[in-house]
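Colleague: As a plain string of letters, each chain reads:
There are 2 protein chains.
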Amino acid sequence: MTAAMDVINVIIPFKPSNPKSRLSSILSRDERLLLAESMLRDVYEAVREVIDAENIAVISPEPFQKEWFQGRVLVDERSLDECVNSTIINRCSNDAVAIIMSDLPLLSGKILQEFFSADGDVVAAPGRKGGTNMLLVRDSKFRVSYHFGSFFRHMRTAESMGLRFTIFDSFLASVDIDEPSDVLELMLHGSGKHSYQFLASLGFYVDFSSKDPTLRRR
Amino acid sequence: MTAAMDVINVIIPFKPSNPKSRLSSILSRDERLLLAESMLRDVYEAVREVIDAENIAVISPEPFQKEWFQGRVLVDERSLDECVNSTIINRCSNDAVAIIMSDLPLLSGKILQEFFSADGDVVAAPGRKGGTNMLLVRDSKFRVSYHFGSFFRHMRTAESMGLRFTIFDSFLASVDIDEPSDVLELMLHGSGKHSYQFLASLGFYVDFSSKDPTLRRR
Numbered sequence: 000m001t002a003a004m005d006v007i008n009v010i011i012p013f014k015p016s017n018p019k020s021r022l023s024s025i026l027s028r029d030e031r032l033l034l035a036e037s038m039l040r041d042v043y044e045a046v047r048e049v050i051d052a053e054n055i056a057v058i059s060p061e062p063f064q065k066e067w068f069q070g071r072v073l074v075d076e077r078s079l080d081e082c083v084n085s086t087i088i089n090r091c092s093n094d095a096v097a098i099i100m101s102d103l104p105l106l107s108g109k110i111l112q113e114f115f116s117a118d119g120d121v122v123a124a125p126g127r128k129g130g131t132n133m134l135l136v137r138d139s140k141f142r143v144s145y146h147f148g149s150f151f152r153h154m155r156t157a158e159s160m161g162l163r164f165t166i167f168d169s170f171l172a173s174v175d176i177d178e179p180s181d182v183l184e185l186m187l188h189g190s191g192k193h194s195y196q197f198l199a200s201l202g203f204y205v206d207f208s209s210k211d212p213t214l215r216r217r
Numbered sequence: 000m001t002a003a004m005d006v007i008n009v010i011i012p013f014k015p016s017n018p019k020s021r022l023s024s025i026l027s028r029d030e031r032l033l034l035a036e037s038m039l040r041d042v043y044e045a046v047r048e049v050i051d052a053e054n055i056a057v058i059s060p061e062p063f064q065k066e067w068f069q070g071r072v073l074v075d076e077r078s079l080d081e082c083v084n085s086t087i088i089n090r091c092s093n094d095a096v097a098i099i100m101s102d103l104p105l106l107s108g109k110i111l112q113e114f115f116s117a118d119g120d121v122v123a124a125p126g127r128k129g130g131t132n133m134l135l136v137r138d139s140k141f142r143v144s145y146h147f148g149s150f151f152r153h154m155r156t157a158e159s160m161g162l163r164f165t166i167f168d169s170f171l172a173s174v175d176i177d178e179p180s181d182v183l184e185l186m187l188h189g190s191g192k193h194s195y196q197f198l199a200s201l202g203f204y205v206d207f208s209s210k211d212p213t214l215r216r217r
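First to last, the sequence lines map onto chains Z and S. Numbering-wise (this note's numbering), the first sequence opens with residue 0 and increments by one. Numbering-wise (this note's numbering), the second sequence opens with residue 0 and increments by one.
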């Protein structure tokens with residue numbers, strides 16, 4: 000017997016006000032906003048390869064409109080945890096909820112297809128420093144908590160509820176762009192992405208002449 | 000028709016002299032050597048879950064002997080590139096050669112099983128900063144070159160030879176332990192590993208009380 004494919008509702012949280020402040024040593028405020036938007040576009044387009052636009056929502060504290068975006072916009076000023084948990088509680092039966100961070104420009108349709116197909120009541124893709132870069136929730140009991148090493152918090156929460164927790168092991172999904180060393184990873188692996196092209200247009204490139212590849216700006 | 004499973008010869012390069020110098024801000028020289036050995040043991044034991052000991056070799060410029068190690072030791076003072084390339088050239092027909100770095104303590108038998116099963120003439124698992132953390136070579140034409148962003152060098156070499164190059168996308172295989180921020184990842188994800196237990200015995204732990212998890216020593 001083949002079960003009907005469950006609908007997956009994808010949420011992409013996005014905060015346009017002073018984004019990516021840990022990049023202020025290498026990017027102006029305007030550049031950081033444009034980078035954040037181009038990364039969101041990369042994430043959206045990767046998700047769109049496997050999910051219909053009507054099942055993709057950007058959650059933002061402010062209105063959001065772009066010509067390339069055909070998904071839904073949920074303007075919500077509550078905390079990320081409150082927004083996401085209310086979506087999990089209110090999901091339709093059998094629907095799954097996936098929370099994909101907006102700063103994962105190295106995602107692809109192939110990675111997301113594997114992620115959405117992974118077994119488990121809760122599937123989580125770790126970022127560095129204990130972050131939860133992608134989360135797939137198939138049980139309405141589960142609640143998210145996105146601070147202080149959220150990956151392990153999500154693992155413990157699932158286990159305490161008797162839910163099956165699966166680690167989705169992907170380097171490309173682990174690279175969230177927070178610090179200059181992350182921008183290096185984007186310039187190394189992101190050829191063809193909108194965010195890569197934006198950074199290249201600002202003059203960023205990788206210098207391969209020293210022992211380790213180094214991020215530079217012309 | 001089912002092809003006979005090719006033999007995979009695994010090489011683990013190991014340099015015991017003043018290892019992991021970028022950790023000297025948090026570890027003494029003796030501690031760094033013990034950490035390097037415990038990581039090698041983690042890697043060896045993960046490989047042993049899927050590969051016979053006789054097909055595992057440590058390459059080292061100095062003799063190497065440990066009671067937990069049943070593989071072969073190749074004492075070779077040449078550069079890593081020369082050692083590995085001569086192994087690739089001299090492999091038996093159909094044998095594959097895998098080069099697994101010795102500082103990847105988060106590897107598991109499951110990850111290695113998937114890595115060894117991946118399609119491609121050359122399969123590479125990226126580390127951060129353009130490194131090649133694991134490499135599987137199924138064609139004797141291929142040559143390695145481990146400096147200056149080796150991952151992209153290996154990709155270009157394969158493509159220039161008309162070989163199929165496959166990216167093996169794993170976060171846990173991407174974490175090579177070079178810097179203190181990498182030790183944080185080991186203490187976050189490495190519970191049960193020899194290297195984790197060694198660092199815990201030195202007093203290292205993760206402080207979850209601040210915004211980001213932080214590595215501390217008692």
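Certain hints may be false.
[Said to hold, decoys possible] Chain Z side only, calculated, beta carbon under 7 Å to chain S, not exhaustive:
| no. | residue |
| --- | --- |
| 1 | Pro125 |
| 2 | Lys128 |
| 3 | Asp168 |
| 4 | Ser169 |
| 5 | Ser173 |
| 6 | Met186 |
| 7 | Leu187 |
| 8 | Phe207 |
Rather than coming from a laboratory, the hints here were simulated on the basis of the structure. All C-beta atoms, glycine included, are put in the ideal place defined by N, C-alpha and C.
Colleague: State the violated hints by number, sorted upward, taking the hints as numbered earlier in the document.
Modeller: 6
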